[in-house]
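Those protein sequence lines, which keep their order, are chains A and B. So for the first sequence, the working numbering puts the first residue at 18; every next one is plus one. So for the second sequence, the working numbering puts the first residue at 211; every next one is plus one.
Keep in mind the hints are simulated off the structure, nothing from the lab. Small disclaimer: the values here were computed from a predicted structure and weren't measured. There could be a bad hint or two in this list.
As the list claims (entries may be wrong) - Taking lysine to aspartate or glutamate pairs in the EDC-like style, the calculated list, with each CA pair at most 20 Å apart, reads: (1) B:K232 / A:E217; (2) B:K337 / B:D235; (3) A:K244 / B:E246; (4) B:K232 / A:D63; (5) B:K324 / B:E234; (6) B:K266 / A:D97; (7) B:K231 / A:E159; (8) B:K231 / A:D249.
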Amino acid sequence: MSGHIHNTDDRRELQMARSMCWHCQSEMAGEYFCDRCVKVQPVSKDLDYFTCFGLPRRLALDPQTLETKFYELSRAFHPDFYQNKSDAEQTISLGNSAMLNTAYRTLRDPIQRAEYLLDLEAGSVKDIRTTPPADLFEEILELQDTLDEFRASDRASESASTLRTKLHADRATLEQRQRDMEAQLLQLFSRWDALQDRGEATEQARAERGRILKEMRDILSNRTYVKNIVNDLVATIA
Amino acid sequence: MAYSEKVVDHFNNPRNMGSFKKEEDGVGTGIVGAPECGDVMKLQIKVENDTIVDAKFKTFGCGSAIASSSLATEWLKGKTVEEAGKIKNTDIVQELNLPPVKIHCSVLAEDAIKAALADYQKKADSK
């Protein structure tokens, strides 16, 4: 994904490279096909997935619109239609199809979409890496200890049955927390989209952007930790 | 992708798995996590006269994360606090032959060492 993030100089260069048809060298006006020689053009590595589908950089996304656009482009780039074309065109068709599939898979899933947006916006996820959730870690380690205890116990014993009851309760609590986090994430999605729609370039808007991104980053990582422990729980007490 | 022999060995026979009491004298505890994969790692050192006399870990994550922390505890034992701070994730990558997608596991182990050392130092300073 980092391959899609460039500094401004790179971007300028790539756009210039892309503004010319690789085949007939004429000025490119079309998006993925040259207007003059009708040859397929490589999707620029600099193009983000949203732009690739002609979508604004928003987190609320209509799956239907995305799917329709995906099918349309899939047909346009599909290697089957390039079997009798030149090697260069076949290579472009393959490359574009691969990129398109990745782009579609990424944007289709709300979590991956948010992760991708964070990547785009922050340069890299590490830049907005959050302080580790110490309380959550403690909780997870404690739960893992209980799980170990349960695994080692004689399942027929009374202590095992007490542990099982506790673990079931823990699972319910954690699953509720997962739902809460998803809801919080959706709220952040709307906050982000609203901010983007307003398009303000003020100091406040910038600060708000940073806050939203950091909050999203936090929830996404906590979500991964909770998901793992829930999986372990389910696998053990099932 | 297959795990290297050394990773498998550490995974099957983890060294120094377990924990010390956090409050115990000379014990430093580092708890870190990798948000990308959700792995959680706890690494503890026990220090006497500036030397790490024992180390323990508990890791909940993939084989590479377990192997990285297991190896880290092996390396920590017998080192001075200063020497321990010089352990680099790249040393772990090299020793365990970790593929690029698992490098973050070694980073996690280095972070855990650093956190444990910092915790030890903080406890020592507050005395």
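*Which of the stated hints cannot be reconciled with the structure, identified by number in ascending sequence?*
Hint check: 1, 4, 6 and 8 fail, others pass.
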